[in-house]
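Chemist: As a plain string of letters, each chain reads:
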Amino acid sequence: MLEREHLRRAKDAIEKLTGKRPVGTRSWHTRQLLLEEGYVYNSHDTPDHRPHYISEPDGSKALLNLPFHYAIDDAMFFSFAWLNSENDAQRMMDPEHVEEIWWLAFMQQYQQGGYLNICMHPFVSGRALRIAMLDRLIARMKRLPGVWFPTCEQVARHVLSVHPAS
Amino acid sequence: MPWKDRYTISDEKSLLDSEVTWPDGQRCCFRIVVDLAPPCGPAGITPQDLTTPDAYFGMHGGLAALSEVLRRRSLKATFAVPAVMAEIHADAIRRLRDAGHEIAAHGFKHEDVSLLGREDERARLERTTEILARVAGQRPSGWFSLPRPGDKFAGGAVSGHTVDLLIEDGYDYFGNGLADDVPHYWVTDFASRRALLTLPYYYHFDDQFFLLFPKKGTGLENPDTLFRNWKAELDAQYKRGRQFAMVLHPHGIGWPNRLLMLEQFLDHAQGLPALWNATSAECAQHWTATFPAATHLKLEPSIWRDYPGSLS
Chain A
151 MLEREHLRRA KDAIEKLTGK RPVGTRSWHT RQLLLEEGYV YNSHDTPDHR
201 PHYISEPDGS KALLNLPFHY AIDDAMFFSF AWLNSENDAQ RMMDPEHVEE
251 IWWLAFMQQY QQGGYLNICM HPFVSGRALR IAMLDRLIAR MKRLPGVWFP
301 TCEQVARHVL SVHPAS
Chain B
7 MPWKDRYTIS DEKSLLDSEV TWPDGQRCCF RIVVDLAPPC GPAGITPQDL
57 TTPDAYFGMH GGLAALSEVL RRRSLKATFA VPAVMAEIHA DAIRRLRDAG
107 HEIAAHGFKH EDVSLLGRED ERARLERTTE ILARVAGQRP SGWFSLPRPG
157 DKFAGGAVSG HTVDLLIEDG YDYFGNGLAD DVPHYWVTDF ASRRALLTLP
207 YYYHFDDQFF LLFPKKGTGL ENPDTLFRNW KAELDAQYKR GRQFAMVLHP
257 HGIGWPNRLL MLEQFLDHAQ GLPALWNATS AECAQHWTAT FPAATHLKLE
307 PSIWRDYPGS LS
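One line per chain: the protein sequences are A and B, in this order. So for the first sequence, this note's numbering puts the first residue at 151; every next one is plus one. So for the second sequence, this note's numbering puts the first residue at 7; every next one is plus one.
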């Protein structure tokens, strides 16, 4: 089956490069296949703003989803010629403006004990002006007590153990 | 940066901040590129494009005002000039040269060359070199393919042959590459390590996407966004000791209120000690001497594999 082959080759490639098999994905892959291939979470859609399970109607085949939102995605603010977009839809914002949007999003979640998942692309956020912004943003977050900076895998393991699917 | 046969992005590395050096202990290279093509379509500059008020202002009032700002501040710039503009405005080009600016090539008429045959493109390229050499009294050392306002993807005008033809015609550098934020090598043949030095360009530091009426960009007039992009990039690159390049269009930035914004940015830039204001040719010369391809172009075989059913 082609989809399974793709998943296995992706796993092999990542395992070869990092020495560790991937347990998470951000993809449209079939949930059942992801579960069968040992994936612990997807981080893809936004039916809720908190981590949640996506399952069959009877609750079976549940896969954890760690949502991310396009408004917390660097490409939506900075990327030129994103996904075949039209000329009047190019993203040319300056880092200070985006820093403020993300800071407010972070603070809202901080105050309610929530979660923020920032999506970054190295060819977008790796630019010097934006690295400097990211540095400022993280420094501001670190000045607040009790902010946890986990990987998605760490969040997933935490949610799976504290709030198991069934 | 290691280039790979059949490009992948898996482990490309730029030079570290600590490895980048500039002449005489200068801290950061600061380049100004001025685009002398009037707004035009993929067919290149047409007679109609030359008769718009913008085109007129760009080569007269706007250019004069921008040149005066550069003169007053003792700043050197690279002027990217389409051959047809050099023919029509030969005196203006010579005045810019006499003022110490670099005259570089910007296509024959800033047309899209991606659909031309190799021989047609070669003929236009050689003719461009000849015209600019005759007008400016010196062969251009660099070639630009800057974005046209109406291109859906602002890749400028590059074909699969362009960089190879530039090497053949003796160019020292290609002026707008997106693969790094310091000069790097554009590889045309992996096996023979054939490559041309490429200087960085980035849309977010190009005035045409922020000033009325951008075909691309944020919609209307956003000089404050442009100012903050310039300043954020320069401050970051200065701190890291790398490179900064901005692109200006006299028909846009030459308008008085925008020129004031430019001057505010230049006030800030010129307040930074040991900022190296170089023409693109000077930057290229330094880079070629200090980081030659022979020692600094790292080629690695691709890790990419094709399988039956691969989407590539």
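For the record, the hints were derived by calculation from the structure and aren't laboratory data. Do not rely on the hints blindly, as some may be mistaken.
To be verified - Computed list of lysine to aspartate or glutamate pairs in DMTMM-like fashion (alpha-carbon distance at most 25 Å, straight line): (1) 237(B) - 246(A); (2) 170(A) - 312(B); (3) 161(A) - 186(A); (4) 237(B) - 223(A); (5) 166(A) - 25(B); (6) 245(B) - 25(B); (7) 115(B) - 125(B); (8) 292(A) - 250(A).
Chemist: Hint by hint, where does the structure go against what was stated? Just the numbers, ascending.
Modeler: 5
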